[in-house]
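Number of protein chains: 2
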Amino acid sequence: MKKATIGIDIGGTNTVLGIVDMKGNVLTKNSMLTPKHGEIDLFITDLSVVINKMVESVRHSTVEIEITGIGIGAPNGNYYTGNIEYAPNLSFKGVIHFVEKMKTHYPDLKIKLTNDANASAIGEMMYGGAKGMKNFVIFTLGTGVGSGIIVNGNLVYGHEGFAGECGHTVLIPGGRLCGCGVLGHLEAYCSATGMKRTAFELLSYYNASESLLAKISYNELDAKIIYEAALKGDRIALDVFKKTGEWLGQGLANTVHHLSPEAIFLFGGPTVAADLIFNPAKESMEKHLLPFFKNKIKILPSQLKHGDAAIVGASALVFMEQD
Amino acid sequence: MKKATIGIDIGGTNTVLGIVDMKGNVLTKNSMLTPKHGEIDLFITDLSVVINKMVESVRHSTVEIEITGIGIGAPNGNYYTGNIEYAPNLSFKGVIHFVEKMKTHYPDLKIKLTNDANASAIGEMMYGGAKGMKNFVIFTLGTGVGSGIIVNGNLVYGHEGFAGECGHTVLIPGGRLCGCGVLGHLEAYCSATGMKRTAFELLSYYNASESLLAKISYNELDAKIIYEAALKGDRIALDVFKKTGEWLGQGLANTVHHLSPEAIFLFGGPTVAADLIFNPAKESMEKHLLPFFKNKIKILPSQLKHGDAAIVGASALVFMEQD
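Residue numbers (our numbering), protein chains in the order written: chain A, 1 to 323; chain B, 1 to 323.
Derived from the structure by calculation, the hints contain no laboratory data. Backbone N, C-alpha and C define an ideal beta-carbon position, used for all residues, glycine too. Just so you know, not all the hints are guaranteed correct.
[Claimed, not checked] Below, simulated DMTMM-like cross-link-like pairs (lysine to aspartate or glutamate); rule was C-alpha separation at most 20 Å, straight line:
no.: 1; chain 1: B; residue 1: Lys131; chain 2: A; residue 2: Glu160
no.: 2; chain 1: B; residue 1: Lys134; chain 2: B; residue 2: Glu262
no.: 3; chain 1: B; residue 1: Lys298; chain 2: A; residue 2: Glu160
no.: 4; chain 1: A; residue 1: Lys131; chain 2: B; residue 2: Glu160
no.: 5; chain 1: A; residue 1: Lys36; chain 2: A; residue 2: Asp21
[Claimed, not checked] Here are a few chain B residues that face chain A, going by a calculated C-beta distance under 7 Å:
no.: 6; residue: Gly158
no.: 7; residue: Glu160
no.: 8; residue: Phe162
no.: 9; residue: Thr169
no.: 10; residue: Gly179
no.: 11; residue: Cys180
no.: 12; residue: Ser260
no.: 13; residue: Glu262
[To be verified] So the derived list for chain A, only partly shown, Cβ under 7 Å to chain B, looks like this:
no.: 14; residue: Val151
no.: 15; residue: Val156
no.: 16; residue: Gly158
no.: 17; residue: Phe162
no.: 18; residue: Ala163
no.: 19; residue: His168
no.: 20; residue: Thr169
no.: 21; residue: Val170
no.: 22; residue: Cys180
no.: 23; residue: Val182
no.: 24; residue: Gln250
no.: 25; residue: His257
no.: 26; residue: His258
no.: 27; residue: Ser260
no.: 28; residue: Pro261
Please put together the full structure from these sequences, using the hints given.
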């Protein structure tokens, strides 16, 4: 009998789920649309149908498996309460008792929920580049910027269950409007969306009509297009990565001064650009550090497979016993 | 037999030490000059003479006591190694194996060392306003700004042993030169020294020759004088507290987003000004927070007695078993 867990990642558009074995291998995966309207009970019933199908399919195709639990990553997921609370990108409004509702379908399984970045941190520690590390942080760069903090081998949830929101630390006082409504948060600069905003700021500043990016509308531009332009040597696109890295490095230094981590992992689309973003981030972080931290903290790319990371991280929640 | 511990606080000028019982009462205390030149072995021998005298005096005057250990708070004190490492304000240069050297005098006692702000955090948790709290942070506002972080009831040391340096997070990118050489750190704005710098900035900005502070030289001015002027209604002095609070609140919001604490305690001279600094700090922190943190995190004055806090905090280190 092989043990395995279900990992579920709930996103604004898609919900991705899979069965993950004890080594972090995804045995099978599936996805469904996250509903556009807030029919939470219907969604959970549909979800359980997909889960049951996956379990059946694995039982037919491989050795027998025993499902030991379900781990869920969701925006504003609260580990302590098992609730999804006021998630701006989801159609489920207010406080959703997600774990409680899942329990009605799986009363005998251990069911754990946290936010997606925290799930990535746990995945990184159990199956990724942070194996054996006891103090590290992961930043996930996507539409927003999430983060997960590990101290002494445990995920930090804090008093309210919402620790690790480093994307909402203040980077530039009075600066860009963040999606949360506050001015100057790191997320408004270092997310994929932030990179687009930077590109348009730079186009304006330099009146750079010769840039490849000058041909593209605001709504069409994304981090991938900026990356492709950077590979072609476009000066504005290269500058976007440089500035994003510099801003990120300033934010990482704040995290280092709080937590003295062994390493900071970066995860997500923009990290594909490798040195283009890692080099300025490293340089800027070092510039902002106290002398005794200098040249000690590694900035590393996540070792989780991009497509599977969210599922694998969520599944690993089941193994992390914390209160 | 009453159990007690020795608490030692090593400062740039004075070393203060005392015997502390299990309830946090200081049974006796003493102080000596921290040497101006780096004779570390001589200093430790002198320190042991003072310790032994204190122990004798308590044994004569009260019930019998059993000393169970020695806790030491020192700038750049590293809990993991027991070393004081490159402390800029001390005459001991480089890496000083402080605990190891103390062990030669007290081979049978448990001896623990950390930095002064971490010691305050432990003191606050064991004997102060944080009793029963498992997730909180303390900021100590003095010549510099220190901080100590408690997560799940344990002090956060991090990988290198130097976590909790929130005073060196970036507050204003490219801003004031911090004592550590980096631009824009929180300490350069929110310490007692930072307040003096703010006063002079405001005097210059408003050309405020009518201010009480306009009569005082840079080297004479200190936070106490600013406070007294504020009590008299001096506009510049009042503005110093307002701006200091606003800056501090921005920094505290960053800490909240990292750690989701139950409360943040403020300790040190400038906190005597109470509402003058707490109100703008609270307001500014709230302004920078994600919606789900709003109106949840308390900013509280430390409940440790000012004169005893460092000793009491250091003594409590002995009871904190952590690796």
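Verify the interface restraint on valine 182 of chain A: the C-beta must sit less than 7 Å from at least one C-beta of chain B.
Since chain B brings a Cβ to about 6 Å from valine 182 of chain A, closer than 7 Å, the hint holds.
Can you verify the interface hint for valine 156 of chain A: is its Cβ closer than 7 Å to any Cβ in chain B?
At 5 Å from the nearest chain B Cβ, valine 156 of chain A passes the 7 Å test, so the hint holds.
So, serine 260 of chain B near chain A? Judge it on the closest CB pair being under 7 Å.
Cβ of serine 260 of chain B sits 3 Å from chain A, so the hint holds.
Would the pair lysine 131 of chain B and glutamate 160 of chain A pass a check requiring their Cα atoms to be no farther apart than 20 Å?
Roughly 18 Å between the alpha carbons, so the hint for lysine 131 of chain B and glutamate 160 of chain A holds.
For the pair supplied as a hint, lysine 298 of chain B and glutamate 160 of chain A, is the alpha-carbon distance within the 20 Å limit?
holds, 13 Å
Checking hints one by one. Is glutamate 160 of chain B an interface residue toward chain A, by the C-beta closer than 7 Å rule?
Since the shortest Cβ distance to chain A is 5 Å, the answer is holds.
Sort out whether aspartate 21 of chain A lies within 20 Å of lysine 36 of chain A, counting only the CA atoms.
With Cα atoms ~31 Å apart, lysine 36 of chain A and aspartate 21 of chain A exceed 20 Å; violated.
Hold the hint about cysteine 180 of chain B up to the distance rule: shortest CB distance to chain A must be less than 7 Å.
Result: holds, 5 Å to nearest chain A Cβ.
Does glycine 158 of chain A hold up as a contact with chain B if the rule is Cβ-Cβ below 7 Å?
Constraint on glycine 158 of chain A satisfied, holds at 3 Å.
Checking hints one by one. Is glycine 179 of chain B an interface residue toward chain A, by the C-beta closer than 7 Å rule?
violated, 10 Å
So, glycine 158 of chain B near chain A? Judge it on the closest CB pair being under 7 Å.
Holds, about 3 Å.
Hinted contact phenylalanine 162 of chain A with chain B - closest CB pair below 7 Å:
holds, 5 Å
In the structure shown, a violation is registered for the earlier hints numbered 5 and 10, in ascending order.
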